[in-house]
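Peer 1: Okay, here's what each chain looks like letter by letter:
There are 2 protein chains.
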Amino acid sequence: MVGIALDVMGGDYAPQEVLKGAQEALKASKGIFLYLVGTQEALSEFPGHERVSKVVASQWVKMDEAPSEALRRKLDSSIRRAFELVKKGKAQAVVSAGNSGATYACALFTLGRISGVMRPAIATVLPTLKNPAVLIDAGANVDCKPAHLLQFAFMGSLFAERILGIQNPRVGLLSIGEEGGKGNFLVKRAHALLSESPLNYIGNIEGRHIYLGEAEVIVCDGFVGNICLKVSEGVAEAVAEMLKAEVKKDPLAILGFSLARRALKRFRKRTDWREHGGAPLLGVNGVVIIGHGRSDARAIKNAILVAQKFVETGLTERLGKSLHQKSKSLKENQAIQ
Amino acid sequence: MVGIALDVMGGDYAPQEVLKGAQEALKASKGIFLYLVGTQEALSEFPGHERVSKVVASQWVKMDEAPSEALRRKLDSSIRRAFELVKKGKAQAVVSAGNSGATYACALFTLGRISGVMRPAIATVLPTLKNPAVLIDAGANVDCKPAHLLQFAFMGSLFAERILGIQNPRVGLLSIGEEGGKGNFLVKRAHALLSESPLNYIGNIEGRHIYLGEAEVIVCDGFVGNICLKVSEGVAEAVAEMLKAEVKKDPLAILGFSLARRALKRFRKRTDWREHGGAPLLGVNGVVIIGHGRSDARAIKNAILVAQKFVETGLTERLGKSLHQKSKSLKENQAIQ
Numbered sequence: 012m013v014g015i016a017l018d019v020m021g022g023d024y025a026p027q028e029v030l031k032g033a034q035e036a037l038k039a040s041k042g043i044f045l046y047l048v049g050t051q052e053a054l055s056e057f058p059g060h061e062r063v064s065k066v067v068a069s070q071w072v073k074m075d076e077a078p079s080e081a082l083r084r085k086l087d088s089s090i091r092r093a094f095e096l097v098k099k100g101k102a103q104a105v106v107s108a109g110n111s112g113a114t115y116a117c118a119l120f121t122l123g124r125i126s127g128v129m130r131p132a133i134a135t136v137l138p139t140l141k142n143p144a145v146l147i148d149a150g151a152n153v154d155c156k157p158a159h160l161l162q163f164a165f166m167g168s169l170f171a172e173r174i175l176g177i178q179n180p181r182v183g184l185l186s187i188g189e190e191g192g193k194g195n196f197l198v199k200r201a202h203a204l205l206s207e208s209p210l211n212y213i214g215n216i217e218g219r220h221i222y223l224g225e226a227e228v229i230v231c232d233g234f235v236g237n238i239c240l241k242v243s244e245g246v247a248e249a250v251a252e253m254l255k256a257e258v259k260k261d262p263l264a265i266l267g268f269s270l271a272r273r274a275l276k277r278f279r280k281r282t283d284w285r286e287h288g289g290a291p292l293l294g295v296n297g298v299v300i301i302g303h304g305r306s307d308a309r310a311i312k313n314a315i316l317v318a319q320k321f322v323e324t325g326l327t328e329r330l331g332k333s334l335h336q337k338s339k340s341l342k343e344n345q346a347i348q
Numbered sequence: 012m013v014g015i016a017l018d019v020m021g022g023d024y025a026p027q028e029v030l031k032g033a034q035e036a037l038k039a040s041k042g043i044f045l046y047l048v049g050t051q052e053a054l055s056e057f058p059g060h061e062r063v064s065k066v067v068a069s070q071w072v073k074m075d076e077a078p079s080e081a082l083r084r085k086l087d088s089s090i091r092r093a094f095e096l097v098k099k100g101k102a103q104a105v106v107s108a109g110n111s112g113a114t115y116a117c118a119l120f121t122l123g124r125i126s127g128v129m130r131p132a133i134a135t136v137l138p139t140l141k142n143p144a145v146l147i148d149a150g151a152n153v154d155c156k157p158a159h160l161l162q163f164a165f166m167g168s169l170f171a172e173r174i175l176g177i178q179n180p181r182v183g184l185l186s187i188g189e190e191g192g193k194g195n196f197l198v199k200r201a202h203a204l205l206s207e208s209p210l211n212y213i214g215n216i217e218g219r220h221i222y223l224g225e226a227e228v229i230v231c232d233g234f235v236g237n238i239c240l241k242v243s244e245g246v247a248e249a250v251a252e253m254l255k256a257e258v259k260k261d262p263l264a265i266l267g268f269s270l271a272r273r274a275l276k277r278f279r280k281r282t283d284w285r286e287h288g289g290a291p292l293l294g295v296n297g298v299v300i301i302g303h304g305r306s307d308a309r310a311i312k313n314a315i316l317v318a319q320k321f322v323e324t325g326l327t328e329r330l331g332k333s334l335h336q337k338s339k340s341l342k343e344n345q346a347i348q
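As given, the protein sequences belong to chains W and C, one line each in that order. Numbering-wise, this note's numbering puts 217 at position 206 of the first sequence, and it's gapless, one number per residue. Numbering-wise, this note's numbering puts 102 at position 91 of the second sequence, and it's gapless, one number per residue.
A portion of the hints provided could be inaccurate.
Since the list gives no way to pick one copy over another, a pair counts as held whenever it fits inside one copy or between any two copies.
The list that follows gives simulated cross-link-like pairs (lysine-lysine, BS3-like), each with its CA atoms no further than 30 Å apart [what the hints assert, rightly or not]:
1. 156 with 332
2. 73 with 320
3. 193 with 85
4. 280 with 141
5. 141 with 255
6. 193 with 156
7. 31 with 199
8. 193 with 260
9. 98 with 41
10. 276 with 320
11. 199 with 85
12. 193 with 101
13. 99 with 156
14. 193 with 73
15. 276 with 101
16. 260 with 141
17. 259 with 38
18. 156 with 199
19. 260 with 280
20. 199 with 141
These are computed hints drawn from the structure, not numbers from a lab. As the structure is a prediction and not an experimental result, all values here were calculated from the model.
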């Protein structure tokens, strides 16, 4: 049985959608035990369940609150209480769709980093025309040094191997040209480090090639990574809106699209981020899954199932061991960061 | 009559598509005179025309060549000869879909910057659900300082006003959260400068909101801007591929899509970057339009027409005057860059 602490107060549609997601997850998997952490009022709506324990917290962190402030002042926040359950050994994972900065800060403060890791990073799985790909860092570290990017590449590779099941994943460095000499100051130096690493590094990868599936691990700083994800969402949404507007003008097109509705449904499922659940925070001492702020019940359910899989594969322990083995090269890199 | 120097050797499909584009532009507009700059062999294919002059260059810059090397060694390259035509006063604009780094370097070297401009920047027009928006910088400057971003905002605003016809355009700073405190080191400091500027600055804008049309000017450094554009292209292409794959599996959907083909065609036209022509390099002493590397004849034609409009509206002169008026605040910013 995997114990998972769920931050009931986190996300744009909390607590209703989060609680619904919890119920769906309990139905979908018999192997989880949920600690639902939230205010008395929020938890009162949830019916009793043999694999659920309610943990009351009097506070919660808002989506736009400054993480450091929240960590310092809100000692009884739901996200903090969730992490304490892991710290005490009751739960083995935290899932939250709330303020991701606060989740990151709380994870660092409560669980700490795996020995040797400089900066934990968020790994997001993207659908592509070939294999799924992992983009790391998706937003935890906005200002990075070259050695941080090298570590992201190590962690992302292990994640792609163990969780996505991809042998010897190709690692690409997100940049603005394919040649190694192209990019900004950070990327040029990271390219030099990656070229000398034992990873399956294929060089720079351009934004256009991410979704063609030309690499299974895409490395970038958290500022660029987060913009990359948000722009992708925006394009997909805008394309859908523009298409809908053109179809609406034309009765034949309306009929045509209704004939194609089964294909459209399959397509939507394939491209919907909610199918892929949350994004793990790699490099902390424990399993932390960060959900999308706009998570609905289905996204929460999938994030919980990802957390279960993560605990069962023991990736955190493996990350620790693997990074330890590579400690020599990491120390060398720290020296030149 | 607007004289335009066209780099016939520039672009992935040069010279054939570039020459075809030239022919289409000559048909579409009676107000242009084209200087076609390329090798003897490339130009021999083009029939004589009363509004065309052929200018022979013995060399050209390849797409992946290092710009500085190309500038130094290839003294008789087509891009260099094109700029010399503007320098000599024969042509008033340069259009090239070739190596954009070399075009940038050549523009700086031959034409120089408008007085007061620290860094010329590429302005790209994006379709959105509302007004079109201009993203600046789209790739000229990969490492920027806060004061550079402030200048990009000034140039982008003037461009949106004069070329896109948008009154008092809203300026957004591309970042990873809407609150002013969010972003990397560069963006946080640029936010402070923009907040004090006379521009219609609406604060940070997230990647997801670009295509919803929440700002008409989107400011970022050239590394982030270029990735943003390439990711957008990639998402649109991948979405189209995935949709096609799902439709192909289902005879009803194939029928449906054939009924909707007129709506699909209008949709494609609306989202196709080739419709928007090239992107101007703002801040140099002259009109320079940088075409997409994958430009076909239609894209080249539109880039030429954009160049004509640019010359006719006298934007370069206006940019010079406008930035001169703002020189006081710019000097202050230079002091704190």
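Peer 1: 30 Å Cα cut-off: does residue 199 pair with residue 141 within a copy, between copies, both or neither?
Peer 2: within (27 Å within a copy, 37 Å between copies)
Peer 1: Since the copies are identical, ignore which copy is meant and state whether residue 260 and residue 141 lie within 30 Å (CA to CA) inside a copy, between copies, both or neither.
Peer 2: Answer is between; shortest inter-copy Cα gap is 17 Å, intra-copy 35 Å.
Peer 1: Between copies, within a copy, both or neither: which fits residue 193 and residue 101 at Cα up to 30 Å?
Peer 2: neither (48 Å within a copy, 34 Å between copies)
Peer 1: Is it within a copy, between copies, both, or neither that the alpha carbon of residue 199 lies no farther than 30 Å from that of residue 85?
Peer 2: Classified as between; 26 Å across copies, 41 Å inside a copy.
Peer 1: Indicate which option fits the pair residue 31, residue 199 if close means a Cα-Cα distance not exceeding 30 Å: within, between, both or neither.
Peer 2: Classified as neither; 46 Å inside a copy, 38 Å across copies.
Peer 1: How would you classify residue 141 and residue 255 at a CA-CA limit of 30 Å: within, between, both, or neither?
Peer 2: both (27 Å within a copy, 15 Å between copies)
Peer 1: Within a copy, between copies, both or neither: which one fits residue 99 and residue 156 at a CA-CA cutoff of 30 Å?
Peer 2: neither (34 Å within a copy, 46 Å between copies)
Peer 1: For residue 73 and residue 320, with the copy left unspecified, which applies at a CA distance of at most 30 Å: within, between, both, or neither?
Peer 2: For residue 73 and residue 320, the Cα distance is within 30 Å only inside one copy (28 Å; across copies 49 Å).
Peer 1: When no copy is named, should residue 280 and residue 141 be tagged within, between, both, or neither for a Cα gap of at most 30 Å?
Peer 2: Cα proximity of residue 280 and residue 141: in one copy and across copies (16 Å, 27 Å).
Peer 1: Check residue 98 against residue 41 for me: Cα-Cα at most 30 Å, and say if that holds within a copy, between copies, both or neither.
Peer 2: within (24 Å within a copy, 75 Å between copies)
Peer 1: Should residue 193 paired with residue 73 be assigned to within, between, both, or neither, using CA atoms and 30 Å as the limit?
Peer 2: Between. Shortest inter-copy distance 15 Å satisfies the 30 Å Cα cut-off; intra-copy 40 Å does not.
Peer 1: How do residue 193 and residue 156 come out at 30 Å by Cα distance, when the copy is not named: within, between, both, or neither?
Peer 2: Both: 17 Å inside a chain and 19 Å across chains, each within 30 Å.
In this structure, the earlier hints numbered 7, 8, 12, 13, 15, 17 are contradicted, and the remaining ones agree with it.
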